[in-house]
Amino acid sequence: MLLWYNNKNISKEFHMLERLQQQLAFTNELEKLKATHRNNRTLDAYRFENSAEHSWQGALMALIFQEYIPKEVNLEKVMSMLLIHDLGEIYAGDTFIFDDVGKSDSYDRELESLKISLDKLPSDQQDSFLELWQEFETGISIEAKYARVLDALVPLLNHLEVAQPHDNPHGLTKSQVIAKKSFIQETSESLWELAQEVIDKSVAKGLYLDE
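Numbering-wise (the working numbering), the sequence shown opens with residue 28 and increments by one.
Careful: at least some of the hints might be erroneous.
[As the list claims (entries may be wrong)] Here are the simulated distance ranges between beta carbons:
no.	residue 1	residue 2	range
1	Leu70	Leu236	36 to 44 Å
2	Gly129	Ser202	52 to 60 Å
3	Trp83	Asp151	23 to 31 Å
4	Asp227	Leu138	15 to 23 Å
5	His193	Gln48	45 to 53 Å
6	Val189	Pro149	19 to 27 Å
7	His193	Gly129	22 to 30 Å
[To be verified] Simulated crosslink set (DSS-like; lysine-lysine; CA at most 30 Å straight-line):
no.	residue 1	residue 2
8	Lys147	Lys232
9	Lys59	Lys172
10	Lys228	Lys130
11	Lys147	Lys98
12	Lys142	Lys201
13	Lys147	Lys172
14	Lys104	Lys207
15	Lys208	Lys147
16	Lys59	Lys208
17	Lys147	Lys59
18	Lys207	Lys98
19	Lys98	Lys232
20	Lys130	Lys232
21	Lys207	Lys61
22	Lys207	Lys59
23	Lys228	Lys142
24	Lys172	Lys228
25	Lys208	Lys61
26	Lys104	Lys61
27	Lys61	Lys172
28	Lys142	Lys208
29	Lys130	Lys208
30	Lys207	Lys232
31	Lys172	Lys104
32	Lys59	Lys142
33	Lys130	Lys104
Honestly, the hints are just simulated from the structure, not real lab data. A virtual CB, placed ideally from N, CA and C, is assigned to each residue, including glycine.
Given the sequences, and given the hints that come with them, work out the whole structure.
This is the structure we're talking about:
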């Protein structure tokens, strides 16, 4: 009986160690997200921000702006989605929101990329992370709607705060930006008013053409 008990404990400890090693491998994989660059800049020598910074800021904004999110919304789930939603960019790269050609197949590319990274996790965590990612992408649940709203706000706020006056390398217009961000209004009138204010200030700063 003692031998059986010891063997059982050894097996359990081995399983826990194996699981921990898988989680560590995935944690190390996340370093690559810090090397995935986006179009927005930072205050740090005006370099391009990375996707890890973007995800962190979105999750923190969920905490900051929680009073504008209905209490029935699962805030932890919103934050989890924001932390996970860009993991598919590790191998697929970030696709500029105004790149309509690149956006046409970005879901498939990012899904394949995500699966490569998630493969390092224990199977149950693979499933839960993938489920959260897909829920965010479909945007059907109330948590996904708010996560997508905050994800859309982050680059607007970032660009206004960080960009040099008249920094508009893509020649973006106000109407183009509104077309991409107007879905915010369907979920939150307050946050849409904020988005419009930020867009107007960005136009005044020369970051978008007033067309």
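Each hint, compared with the structure:
The hinted range of 36 to 44 Å is not satisfied by Leu70 and Leu236, whose Cβ atoms lie roughly 25 Å apart. Against the hinted window of 52 to 60 Å, the Cβ-Cβ separation of Gly129 and Ser202 comes to about 21 Å, which falls outside the hint. Hint check: Trp83 to Asp151, Cβ distance near 25 Å, so the stated range 23 to 31 Å holds. Range check, Asp227 to Leu138: Cβ separation about 36 Å, and the 15 to 23 Å hint is violated.
A beta carbon spacing of about 51 Å between His193 and Gln48 agrees with the range 45 to 53 Å that was offered as a hint. One distance hint, 19 to 27 Å for the beta-carbon pair Val189 and Pro149, is violated here, with the actual separation near 38 Å. Take His193 and Gly129: their Cβ atoms lie about 25 Å apart, and the range 22 to 30 Å holds. For a cut-off of 30 Å, the pair hint linking Lys147 to Lys232 is broken: about 45 Å separates their Cα positions.
In summary, the hint linking Lys59 to Lys172 is supported, as the alpha carbons are separated by about 27 Å, within the 30 Å threshold. Under the criterion of a C-alpha separation no larger than 30 Å, the hint pairing Lys228 with Lys130 is consistent with the structure, at around 27 Å. For the proposed pair Lys147 and Lys98, the alpha carbon gap of about 35 Å is over 30 Å, so the pair is violated. Taking the CA atoms of Lys142 and Lys201, the gap is near 36 Å; set against the 30 Å cutoff, the hint is violated.
This hinted pair checks out: Lys147 and Lys172 have alpha carbons roughly 29 Å apart, not beyond 30 Å. The hinted pair formed by Lys104 and Lys207 meets the criterion: a straight-line CA distance of about 24 Å does not exceed 30 Å. Under the criterion of a C-alpha separation no larger than 30 Å, the hint pairing Lys208 with Lys147 is inconsistent with the structure, at around 35 Å. Taking the CA atoms of Lys59 and Lys208, the gap is near 28 Å; set against the 30 Å cutoff, the hint holds.
As the CA atoms of Lys147 and Lys59 are separated by approximately 14 Å, the hinted pair is consistent with the 30 Å bound. Restraint check for Lys207 and Lys98: the C-alpha separation of about 27 Å stays at or below 30 Å, so the hint holds. The suggested pairing of Lys98 with Lys232 is violated, with an alpha-carbon distance near 36 Å, which exceeds 30 Å. At most 30 Å may separate the alpha-carbon atoms for a hinted pair to count; Lys130 and Lys232 meet this at roughly 28 Å.
Under the criterion of a C-alpha separation no larger than 30 Å, the hint pairing Lys207 with Lys61 is consistent with the structure, at around 26 Å. A hinted pair counts as satisfied when its Cα atoms are at most 30 Å apart, and Lys207 with Lys59 qualifies at roughly 28 Å. Our distance criterion of 30 Å between C-alpha atoms is broken by Lys228 and Lys142, whose separation comes to about 40 Å. Proposed proximity of Lys172 and Lys228 is supported: the alpha carbons are some 25 Å apart, at most 30 Å.
Among the hinted pairs, Lys208 with Lys61 is consistent with the structure: their alpha-carbon atoms are about 26 Å apart, no more than 30 Å. Simply put, Lys104 and Lys61 have alpha-carbon atoms about 23 Å apart, close enough for the 30 Å limit, and the pair holds. For the proposed pair Lys61 and Lys172, the alpha carbon gap of about 26 Å is at most 30 Å, so the pair holds. Among the hinted pairs, Lys142 with Lys208 is consistent with the structure: their alpha-carbon atoms are about 29 Å apart, no more than 30 Å.
Straight-line distance between C-alpha atoms of Lys130 and Lys208 comes to about 15 Å, which keeps the hinted pair within the 30 Å bound. About 20 Å separates the Cα atoms of Lys207 and Lys232, which keeps this hinted pair within 30 Å; it holds. For the hint pairing Lys172 with Lys104, the CA-to-CA distance comes to about 11 Å; that is within 30 Å, so the pair holds. Of the pairs offered as hints, the one joining Lys59 and Lys142 holds, with about 15 Å between alpha carbons and a cut-off of 30 Å not exceeded.
A C-alpha spacing of about 25 Å is found between Lys130 and Lys104, which places the hinted pair at or below 30 Å, so the restraint holds.
Hint compliance for this structure: hints 1, 2, 4, 6, 8, 11, 12, 15, 19, 23 are not met, and every other hint is.
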